Amino acid sequence: MSEGISNYSIQKCIGRGNFGDVYSAISQSSGEVVAIKVVHLDASEDDVAVFIQEIQLLSRMRSNYVTKYFETFVNQMSIWIVMEYCGGGSCSDLLKCHKKLNEEVVGYIIRGAMLGLNYLHLQKKVHRDIKSANILLTNDGSVKLADFGVSGEITMTNMKRNTFVGTPFWMAPEVIKRRNGGYDEKADIWSMGITVIELVTGMPPLAEHDPMKVLFTIPDNKPPTLDRYSSLTVNIKDFVKYCLRKDPTERPTAKVLLHHRFLKIRRNVGILQLISERDKWMEEKYAHGKKPKYNLGKNIPQAEKYYSSSSDSIVESPSSKIQWDFGTQKSFHVCSSSSPLTSSSPLTNNISSSTAVSSPPNQSPVDLPHPPKVGSNNYLEEVIIQCLGKVAQRAKTSDTKRTVEMLARSFISCESMHPGMCEAIVEEIYLQINELLANEKQ
Amino acid sequence: MAFLFKRNPKTPPDLIRALNEQVVKLDQTIDNKKYQDEAARYLTQVKLILHGDDDNDPQPDQISQLAQEVYSSDCLYLLIYSLKKLDFDSRKDVLILFSTLLRRQTGNKSPTVDYLINHKPEILIMLLRGPENQEIGLISGQILRDCIKFEVINRFILHHQIFWNYFKYCQISIFEIATDAFTTLHDLLTIHKKLVSEFLASNYDTFTVQINQLLQSKNYVTKRQSVRLLAELVLQRQNQYFLNKYFDDTNNLKLIMLLLSDKSKNLQIEAFHIFKFFVAKPKKSQKVLDILIKNKENFLELFKNFDITYANDSNLIEERDYILGEIQKLPDIDKIRAA
Numbered sequence: 001m002s003e004g005i006s007n008y009s010i011q012k013c014i015g016r017g018n019f020g021d022v023y024s025a026i027s028q029s030s031g032e033v034v035a036i037k038v039v040h041l042d043a044s045e046d047d048v049a050v051f052i053q054e055i056q057l058l059s060r061m062r063s064n065y066v067t068k069y070f071e072t073f074v075n076q077m078s079i080w081i082v083m084e085y086c087g088g089g090s091c092s093d094l095l096k097c098h099k100k101l102n103e104e105v106v107g108y109i110i111r112g113a114m115l116g117l118n119y120l121h122l123q124k125k126v127h128r129d130i131k132s133a134n135i136l137l138t139n140d141g142s143v144k145l146a147d148f149g150v151s152g153e154i155t156m157t158n159m160k161r162n163t164f165v166g167t168p169f170w171m172a173p174e175v176i177k178r179r180n181g182g183y184d185e186k187a188d189i190w191s192m193g194i195t196v197i198e199l200v201t202g203m204p205p206l207a208e209h210d211p212m213k214v215l216f217t218i219p220d221n222k223p224p225t226l227d228r229y230s231s232l233t234v235n236i237k238d239f240v241k242y243c244l245r246k247d248p249t250e251r252p253t254a255k256v257l258l259h260h261r262f263l264k265i266r267r268n269v270g271i272l273q274l275i276s277e278r279d280k281w282m283e284e285k286y287a288h289g290k291k292p293k294y295n296l297g298k299n300i301p302q303a304e305k306y307y308s309s310s311s312d313s314i315v316e317s318p319s320s321k322i323q324w325d326f327g328t329q330k331s332f333h334v335c336s337s338s339s340p341l342t343s344s345s346p347l348t349n350n351i352s353s354s355t356a357v358s359s360p361p362n363q364s365p366v367d368l369p370h371p372p373k374v375g376s377n378n379y380l381e382e383v384i385i386q387c388l389g390k391v392a393q394r395a396k397t398s399d400t401k402r403t404v405e406m407l408a409r410s411f412i413s414c415e416s417m418h419p420g421m422c423e424a425i426v427e428e429i430y431l432q433i434n435e436l437l438a439n440e441k442q
Numbered sequence: 001m002a003f004l005f006k007r008n009p010k011t012p013p014d015l016i017r018a019l020n021e022q023v024v025k026l027d028q029t030i031d032n033k034k035y036q037d038e039a040a041r042y043l044t045q046v047k048l049i050l051h052g053d054d055d056n057d058p059q060p061d062q063i064s065q066l067a068q069e070v071y072s073s074d075c076l077y078l079l080i081y082s083l084k085k086l087d088f089d090s091r092k093d094v095l096i097l098f099s100t101l102l103r104r105q106t107g108n109k110s111p112t113v114d115y116l117i118n119h120k121p122e123i124l125i126m127l128l129r130g131p132e133n134q135e136i137g138l139i140s141g142q143i144l145r146d147c148i149k150f151e152v153i154n155r156f157i158l159h160h161q162i163f164w165n166y167f168k169y170c171q172i173s174i175f176e177i178a179t180d181a182f183t184t185l186h187d188l189l190t191i192h193k194k195l196v197s198e199f200l201a202s203n204y205d206t207f208t209v210q211i212n213q214l215l216q217s218k219n220y221v222t223k224r225q226s227v228r229l230l231a232e233l234v235l236q237r238q239n240q241y242f243l244n245k246y247f248d249d250t251n252n253l254k255l256i257m258l259l260l261s262d263k264s265k266n267l268q269i270e271a272f273h274i275f276k277f278f279v280a281k282p283k284k285s286q287k288v289l290d291i292l293i294k295n296k297e298n299f300l301e302l303f304k305n306f307d308i309t310y311a312n313d314s315n316l317i318e319e320r321d322y323i324l325g326e327i328q329k330l331p332d333i334d335k336i337r338a339a
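Each protein sequence line maps, in turn, to chains W and V. So that you can map any letter, position 184 of the first sequence is 184 in this note's numbering, and since no number is skipped, the others follow by simple counting. So that you can map any letter, position 177 of the second sequence is 177 in this note's numbering, and since no number is skipped, the others follow by simple counting.
No lab work stands behind these hints, which were simulated from the structure alone. Nothing here was measured: the structure is a model prediction, and the numbers come from that model. Any given hint could turn out to be false.
What the hints assert, rightly or not - Okay, derived cross-link-like pairs now, DSBU-like style, lysine-lysine, Cα gap no bigger than 35 Å in a straight line:
{"no.": "1", "chain 1": "V", "residue 1": "Lys-149", "chain 2": "W", "residue 2": "Lys-124"}
{"no.": "2", "chain 1": "V", "residue 1": "Lys-85", "chain 2": "V", "residue 2": "Lys-168"}
{"no.": "3", "chain 1": "W", "residue 1": "Lys-401", "chain 2": "V", "residue 2": "Lys-149"}
{"no.": "4", "chain 1": "V", "residue 1": "Lys-194", "chain 2": "W", "residue 2": "Lys-68"}
{"no.": "5", "chain 1": "V", "residue 1": "Lys-109", "chain 2": "W", "residue 2": "Lys-124"}
{"no.": "6", "chain 1": "V", "residue 1": "Lys-254", "chain 2": "V", "residue 2": "Lys-92"}
{"no.": "7", "chain 1": "W", "residue 1": "Lys-100", "chain 2": "W", "residue 2": "Lys-237"}
{"no.": "8", "chain 1": "W", "residue 1": "Lys-68", "chain 2": "V", "residue 2": "Lys-149"}
{"no.": "9", "chain 1": "W", "residue 1": "Lys-125", "chain 2": "V", "residue 2": "Lys-47"}
{"no.": "10", "chain 1": "W", "residue 1": "Lys-124", "chain 2": "V", "residue 2": "Lys-92"}
{"no.": "11", "chain 1": "V", "residue 1": "Lys-120", "chain 2": "W", "residue 2": "Lys-125"}
{"no.": "12", "chain 1": "W", "residue 1": "Lys-441", "chain 2": "W", "residue 2": "Lys-390"}
{"no.": "13", "chain 1": "W", "residue 1": "Lys-124", "chain 2": "V", "residue 2": "Lys-120"}
{"no.": "14", "chain 1": "V", "residue 1": "Lys-287", "chain 2": "W", "residue 2": "Lys-68"}
{"no.": "15", "chain 1": "W", "residue 1": "Lys-390", "chain 2": "V", "residue 2": "Lys-194"}
{"no.": "16", "chain 1": "V", "residue 1": "Lys-34", "chain 2": "W", "residue 2": "Lys-125"}
{"no.": "17", "chain 1": "V", "residue 1": "Lys-85", "chain 2": "W", "residue 2": "Lys-125"}
{"no.": "18", "chain 1": "W", "residue 1": "Lys-68", "chain 2": "V", "residue 2": "Lys-304"}
{"no.": "19", "chain 1": "V", "residue 1": "Lys-47", "chain 2": "W", "residue 2": "Lys-264"}
{"no.": "20", "chain 1": "W", "residue 1": "Lys-264", "chain 2": "V", "residue 2": "Lys-33"}
{"no.": "21", "chain 1": "V", "residue 1": "Lys-287", "chain 2": "V", "residue 2": "Lys-304"}
{"no.": "22", "chain 1": "W", "residue 1": "Lys-255", "chain 2": "V", "residue 2": "Lys-193"}
{"no.": "23", "chain 1": "W", "residue 1": "Lys-125", "chain 2": "V", "residue 2": "Lys-33"}
{"no.": "24", "chain 1": "W", "residue 1": "Lys-264", "chain 2": "W", "residue 2": "Lys-241"}
{"no.": "25", "chain 1": "V", "residue 1": "Lys-120", "chain 2": "V", "residue 2": "Lys-149"}
{"no.": "26", "chain 1": "V", "residue 1": "Lys-193", "chain 2": "W", "residue 2": "Lys-401"}
{"no.": "27", "chain 1": "W", "residue 1": "Lys-125", "chain 2": "V", "residue 2": "Lys-10"}
Okay, chain W solo, but in the shape it has when bound (with noise of 0.2 Å):
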């Protein structure tokens, strides 16, 4: 696997997230630049089945608008994602040199954004996170759509931690309304519209407020406009107001909107220019990447070398100096041949009384504890199917025997779903019964 991992030279780091960074890299074989996502699987208590899947979703997009999937490597503790590097950097970043972009620039590229999403909405997949960061330009001035699901999460600073930490601004109000879910691929159409406004503007709307309280408004406010900019054309405006329907089944679907007029653009929109001209500021600005929040780990060839701070670098567990002794030559008999641990544990506690499945941990599956009222503790076949195979012999029909045949099958199949049944319901008829002959005495 590590032979995998030695084939890519890294460079810089160009992003930064909750789940690691993200750097540009060499592929020895093809002298491609690539971009490799590294999300640290220790870094979160999160199941990695999670990420996994999210991984294969992406293995399974082939389209030209959106960021290619290569290949994944673990490394330890981390996976490598190698994705498309894409030269010209992100639309946010264009916008951070030229501050806003003209109607047709703005035009080229959410078209290129606008067939992305159509492509991953036919995929049944919801992009989430739809903003000019997660649009990005080749070199030769192609438009990818980016970071959708886990390669979204590693470099958005974003919700995964139960607060809304970064930019809720593109949020569709029913986003943030039923926030476990509950929307649908409309929701990336509205965070589409405000894209919009932000490439046009320079900002999205309300960005000057507080992001928190911005999460209350969006879904009171009159969706946003461009009515009051005289400079822009209808065709941009219409464009917008369709995008921010707040009903999402009155928003046309990425397929529709591709056939308007905002979108059908004319060759040369100069992004060529721009992008060099972002190429040059980049480059006064952060000469050597950005700094990564974690480290890479060891034997990873790299031109430089980051030291994370302390308290974000990932730490050996002490524990991991325990020296175990597995030998097993000595016993050591205690207390007679019986455990000392039966006391009260909340492990077993429970089981004899309770068969739900509520909360796992406060069932043991082990050694049901069965008091010995019966020589070998089996009520299946010592009580329950002795009794039924007499009441069988009793039966006079062949139907009746059927019958009684069923019902020892049922039980078989009740005790082996919830072990200890049998014991419950022998227990609690013989206690019946016995009530019963008492009160019959009185």
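Let chain W serve as the given structure and place chain V on it in line with the hints.
What follows is chain V alone, placed relative to chain W:
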């Protein structure tokens, strides 16, 4: 509907026959772009019959005709056999055809399940071998997991020798293939609980050897997935026979203890969810008890630093304290030796 016919004059059986013809040719030629495109076109039409589109709803009688021809012409066999030679998007259409047919019921039977088990189990075997081929590994896995939802198919697979290959497939060096194979393995062992409990009971030894190998993998992801799977199996009370054996075996205890002291916090916690049962089990084997006693000091040291606060799980904290208490009750080695 009339609209559908105009654009697509072939009847569903004709369509399947035409598709089969192209798929057979795909297999015979090297330069198969033409047949690939033809097959893709027919598959798109098949998808249209199955799912309809914005203007047309799917018609049950058409689907039924289509299904009949699929079974009688071994269309699924041909498609899976040539899966690698179909283009990327066509493979997704095969998945749709497969899963739609699987869900289709006549009476309370699934004719597709019956077909797969009784007529062409070779299809299942080909799908099971999917991870051996990087290109079609993922799509085979997706189709297979749709099939596994049916208990008879799951049973067929568990009783086939090829099932054990999955412990190797999930260690393949291609990440997506390996993790996809693991997902399949996980489904095979968790969906049909009764079936699995019988299987584990009669295959304790082989299974334990295999899962223990995964627990010792050098690959962090494999380790975490397999310890998580084991923890899931351990929580299944139906697996009692398996569990009684598992928790008496010192070899298992050793592996879990090693994970308990792994440098990964997550592995420690996952391992704890298995370890706790070794400690809490009322009747422990003498050997298990010996190892617990010998390592009493180690455990106390370990749990002193056992960092679970970030997991923010009050159950977990309660359990840790209980296990810690039980370990404290273990006799001290020195005293035993002195006595």
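Hint-by-hint comparison with the structure:
Between Lys-149/V and Lys-124/W the alpha-carbon distance is near 22 Å, which keeps this suggested pair within the 35 Å criterion. Between Lys-85/V and Lys-168/V, the direct Cα distance comes to roughly 25 Å. Compliance with the 35 Å bound is thereby established for this hinted pair. Of the supplied pair hints, the one linking Lys-401/W and Lys-149/V holds, its CA atoms being roughly 34 Å apart against a limit of 35 Å. As the CA atoms of Lys-194/V and Lys-68/W are separated by approximately 42 Å, the hinted pair breaks the 35 Å bound.
Our distance criterion of 35 Å between C-alpha atoms is met by Lys-109/V and Lys-124/W, whose separation comes to about 29 Å. Note on Lys-254/V and Lys-92/V: the hinted pairing is violated, with a Cα-Cα distance of about 44 Å set against a maximum of 35 Å. Restraint check for Lys-100/W and Lys-237/W: the C-alpha separation of about 16 Å stays at or below 35 Å, so the hint holds. For the proposed pair Lys-68/W and Lys-149/V, the alpha carbon gap of about 32 Å is at most 35 Å, so the pair holds.
For the hint linking Lys-125/W to Lys-47/V, the alpha-carbon distance of about 19 Å falls within 35 Å, and the restraint holds. Under the criterion of a C-alpha separation no larger than 35 Å, the hint pairing Lys-124/W with Lys-92/V is consistent with the structure, at around 13 Å. Distance hint between Lys-120/V and Lys-125/W is fulfilled; the C-alpha atoms sit about 34 Å from each other, no more than 35 Å. Only pairs whose Cα atoms come within 35 Å are accepted, and Lys-441/W paired with Lys-390/W is accepted, the gap being roughly 28 Å.
Distance check on the hinted pair: Lys-124/W and Lys-120/V sit about 31 Å apart at the alpha-carbon level, within 35 Å; holds. At most 35 Å may separate the alpha-carbon atoms for a hinted pair to count; Lys-287/V and Lys-68/W exceed this at roughly 54 Å. Simply put, Lys-390/W and Lys-194/V have alpha-carbon atoms about 28 Å apart, close enough for the 35 Å limit, and the pair holds. Simply put, Lys-34/V and Lys-125/W have alpha-carbon atoms about 31 Å apart, close enough for the 35 Å limit, and the pair holds.
At most 35 Å may separate the alpha-carbon atoms for a hinted pair to count; Lys-85/V and Lys-125/W meet this at roughly 26 Å. Distance hint between Lys-68/W and Lys-304/V is unfulfilled; the C-alpha atoms sit about 46 Å from each other, more than 35 Å. Annotation: proposed proximity of Lys-47/V to Lys-264/W holds, straight-line Cα distance about 31 Å (limit 35 Å). Distance hint between Lys-264/W and Lys-33/V is fulfilled; the C-alpha atoms sit about 32 Å from each other, no more than 35 Å.
Of the supplied pair hints, the one linking Lys-287/V and Lys-304/V holds, its CA atoms being roughly 25 Å apart against a limit of 35 Å. This hinted pair does not check out: Lys-255/W and Lys-193/V have alpha carbons roughly 44 Å apart, beyond 35 Å. For a cut-off of 35 Å, the pair hint linking Lys-125/W to Lys-33/V stands: about 29 Å separates their Cα positions. As the CA atoms of Lys-264/W and Lys-241/W are separated by approximately 17 Å, the hinted pair is consistent with the 35 Å bound.
Taken as a hint, the Lys-120/V and Lys-149/V pair is honoured in the structure, with Cα atoms around 18 Å apart against an allowance of 35 Å. Restraint check for Lys-193/V and Lys-401/W: the C-alpha separation of about 29 Å stays at or below 35 Å, so the hint holds. A C-alpha spacing of about 32 Å is found between Lys-125/W and Lys-10/V, which places the hinted pair at or below 35 Å, so the restraint holds.
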